[in-house]
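Visitor: So the chains spell out like this:
There are 2 protein chains.
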Amino acid sequence: MSFKTLKEHLHFSGRTLFAEHESSATKTTMKFSCFLPAPIEQIDSAIIWLSGLTCNEENFITKAGAQRALSNTKTMIICPDTSPRGLNLEGEDESYDFGTGAGFYLNATKAPYDSNYNMYDYIQKDLVSLLNESFGVDKISISGHSMGGHGALILGLRNPELFQSISAFSPIVNPIKAPWGQKAFNGYLGDDSNSWKNYDATELITSGNTHPRPILIEQGLGDEFLEKELLTQNIMSAAKDSDQEIMLNEREGFDHSYYFISTFIEDHIKYHLSYLQA
Amino acid sequence: MSFKTLKEHLHFSGRTLFAEHESSATKTTMKFSCFLPAPIEQIDSAIIWLSGLTCNEENFITKAGAQRALSNTKTMIICPDTSPRGLNLEGEDESYDFGTGAGFYLNATKAPYDSNYNMYDYIQKDLVSLLNESFGVDKISISGHSMGGHGALILGLRNPELFQSISAFSPIVNPIKAPWGQKAFNGYLGDDSNSWKNYDATELITSGNTHPRPILIEQGLGDEFLEKELLTQNIMSAAKDSDQEIMLNEREGFDHSYYFISTFIEDHIKYHLSYLQA
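These protein sequence lines are chains L and A, in that order.
Read in order, the letters of the first sequence are residues 4 to 281 in the working numbering.
Read in order, the letters of the second sequence are residues 4 to 281 in the working numbering.
Among the hints, erroneous ones may be present.
Copies of one chain are not kept apart here, so a pair can be met inside one copy or by any two copies together.
Computed list of lysine to any residue pairs in SDA-like fashion (alpha-carbon distance at most 25 Å, straight line) [what the hints assert, rightly or not]:
1) 113 with 179
2) 7 with 225
3) 10 with 100
4) 128 with 141
5) 66 with 11
6) 273 with 65
7) 77 with 93
8) 66 with 9
9) 200 with 46
10) 231 with 12
11) 231 with 281
12) 200 with 103
13) 231 with 13
14) 180 with 224
Since the hints were made in silico from the structure, they are not lab data.
Bound-form chain L, shown alone (with noise of 0.2 Å):
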């Protein structure tokens, strides 16, 4: 499991760089970027980034502003892109919400589609992998943005023992009730709606799944996606009869783009390091 550099800036206190790797889970090659804040061999744990609609590696290291809050700590952020790319499958290319830039974090069970667009497994499998083997990493937390959210929150609530901590900024907690989620669960797992339960957080939650640590999720409430497409109070309900316990920050006027994020990433980053740093 090796990485090949494609370009890197020095950045605060490490570098910056953008890179690819082989992934069996998709079959292709991904990207992804990283912020280091140390030399690789000091490096001791990771913050996945997971991020959203339309996004590829690059959106979230370039207007984020993480890596100030991560200088001088020895724990990384990685990014990967959010699809496959360049499979040319029939219907990837047509819409910005299904296929490329669009994966969902799911593992797809309809053709064409099952062959590839398995970002559940590449998350959880490849690039844990990769962070394990070329990075020297064991303690991981996971994070995302709306998209990218849903998928910090599925993947975590699915894997508490890999991951130490999650957090999500406008994430889509309950994709099943969402057009978003509808559209691409159909396409990727077919019609069979139970099926799709497992790669929605507010059903993993009211069927039993919990992270130890409480999940911190920020929300902007001038989000314009808030009432039809995020649904926050979904899971918020689901987790006041479970024993998950939601750090639910609700943050008025905020909207739903990189300016919501940039604004309170110094948070997410310092609550994942009270973990990975203990």
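Could you slot chain A onto chain L? The hints should help.
Guide: Leaving out everything else, chain A in the frame of chain L:
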């Protein structure tokens, strides 16, 4: 001197917004971005940021992380576009280093650019008036990157009463001796190189222009343009024989990118705030 807001986002303690206004100097509609860390009636000072080749009003405001450093102050930052756009002049869109996105912060005297490519006047007249009249700002400092660092230096050195302090990242300090500068000055000003000296920071210092505050320059030593285009040592030599103090921070291994800018932007913001909030 009013402006039209195109979009805005809550951000840190205030708002990042994108807007446009009419310019007498360029006879076009000019776009800009800005960050207002407080309600507009509380803003009392501004930093003008001038971007480099190929940039527009978006690059700095989305990538540099300056807003965090200005949060909870009364100082805004404003980031104009780097040239007029959409004029369809001959040669305007043929290269990345001339015409669109490459105004070089001078007043063109050569046809067909002389009617509109007046970025020097745009900054020191139109943008300053906008700050005075629409934002209620009277104390202004100036900074920029690469071509924009050149702009900050020449505007500041020629207008020491207008700008409280000057800083620059990776500036083109002696454009009349650099290929980028020679191409641009020839195209905008014609081949009488005597007229070029008014837009060359090293020449301005040599001929006695000074600013009462020390100029802060940040320069990466891994900058791929240092030796051919930026020529940092030329302004240092000129300053040594003049009354102009320059504080040059040379940073081992850092390159010409926004990763360099974002690493050190907080230092520059604090430098300007020390004069603007004095």
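Visitor: Decide, hint by hint, whether the structure agrees.
Guide: Comparing the hints with the structure gives:
no.: 1; hint: 113 with 179; in the structure: within (17 Å within a copy, 63 Å between copies)
no.: 2; hint: 7 with 225; in the structure: between (40 Å within a copy, 21 Å between copies)
no.: 3; hint: 10 with 100; in the structure: between (29 Å within a copy, 23 Å between copies)
no.: 4; hint: 128 with 141; in the structure: within (13 Å within a copy, 57 Å between copies)
no.: 5; hint: 66 with 11; in the structure: both (16 Å within a copy, 16 Å between copies)
no.: 6; hint: 273 with 65; in the structure: both (19 Å within a copy, 22 Å between copies)
no.: 7; hint: 77 with 93; in the structure: neither (43 Å within a copy, 53 Å between copies)
no.: 8; hint: 66 with 9; in the structure: both (19 Å within a copy, 20 Å between copies)
no.: 9; hint: 200 with 46; in the structure: neither (36 Å within a copy, 50 Å between copies)
no.: 10; hint: 231 with 12; in the structure: between (40 Å within a copy, 20 Å between copies)
no.: 11; hint: 231 with 281; in the structure: neither (38 Å within a copy, 48 Å between copies)
no.: 12; hint: 200 with 103; in the structure: within (23 Å within a copy, 51 Å between copies)
no.: 13; hint: 231 with 13; in the structure: between (41 Å within a copy, 21 Å between copies)
no.: 14; hint: 180 with 224; in the structure: within (20 Å within a copy, 53 Å between copies)
Hints 7, 9 and 11 from the list above are not met by this structure, while the remaining hints are.
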